[in-house]
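As they're listed, the protein sequences go chains P and C. One point on numbering: in our numbering, the residue at position 14 of the first sequence is 1423, and numbering is uninterrupted. One point on numbering: in our numbering, the residue at position 9 of the second sequence is 1418, and numbering is uninterrupted.
Don't read these hints as lab results, they were simulated from the structure. Treat the hints loosely; a few may be bogus.
It does not matter which identical chain is meant; a pair holds if it fits inside one copy or across any two.
To be verified - In silico BS3-like pairs for lysine-lysine, Cα to Cα no more than 25 Å straight-line:
no., residue 1, residue 2
1, LYS1482, LYS1450
2, LYS1473, LYS1421
3, LYS1482, LYS1425
4, LYS1482, LYS1432
5, LYS1482, LYS1428
6, LYS1421, LYS1432
7, LYS1428, LYS1473
Bear in mind that the values here come from a model prediction, so they are computed numbers and not experimental data.
2 protein chains.
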Amino acid sequence: MYVILVYDIGEKRVGKMLKHCRKYLNWIQNSVFEGEITEVKLKEMVSIARGIMNEEQDSLILFKSRDERWLDKQVIGVERMSTDTFL
Amino acid sequence: MYVILVYDIGEKRVGKMLKHCRKYLNWIQNSVFEGEITEVKLKEMVSIARGIMNEEQDSLILFKSRDERWLDKQVIGVERMSTDTFL
């Protein structure tokens, strides 16, 4: 399935979460990821993410679609994270 | 149509952009909005957003879907911006 992931994570935990999410999805903006992922891999990703985040302070939202073609993406301004290579 | 909007905006401009986007969509996370919007209203929103942002530094991504039912949303952790009322 196709997934958009957005998070709002406390500063202390955000680096770890970024590295974690990049293992599963494409990083497209500061705290936004997208990509194709299986149900099994998504469950694994969420399970590990729960361990990283503080569920009383942090937020992670997933938008799931069976097919990427149902979504039309438009980028305005900077196309790609220029910091994509610094990690 | 149903729209998800995510932005990464320089600190000096982010307050203005937040206020602007909230006029059109629902604020669901730090820099994430969603909602039903017409094509005409969306064009108006993007046009004004371009005037607020620095297109060489800032980024705004729109995911558009004809129907919200094609997307399944899952929230992990904090459900709503606790700062929603401070503006």
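The hints, checked one at a time:
Both within a single protomer and between protomers do LYS1482 and LYS1450 lie at most 25 Å apart by alpha-carbon distance, with minima of 24 Å and 17 Å respectively. In this homomeric assembly, LYS1473 and LYS1421 never come within 25 Å of each other (Cα to Cα): the closest approach is 27 Å inside a single copy and 33 Å across copies. Taking the closest pair of Cα atoms, LYS1482 and LYS1425 come within 25 Å of each other only across two copies (23 Å); inside a single copy the shortest separation is 27 Å, beyond that limit. When the C-alpha separation of LYS1482 and LYS1432 is checked against a cutoff of 25 Å, the pair qualifies both within a copy, at 22 Å, and between copies, at 21 Å.
Taking identical chains as interchangeable, the C-alpha atoms of LYS1482 and LYS1428 lie at most 25 Å apart whether they share a chain (24 Å) or sit on different chains (23 Å). Within a single copy, LYS1421 and LYS1432 get their C-alpha atoms as close as 19 Å, which meets the 25 Å cut-off; across copies the closest is 32 Å, which misses it. For the homomeric pair LYS1428 and LYS1473, the shortest alpha-carbon distance inside one copy (21 Å) is at most 25 Å, but the shortest distance between copies (27 Å) is not.
Against the hints set out earlier in the document, a violation occurs for number 2 only.
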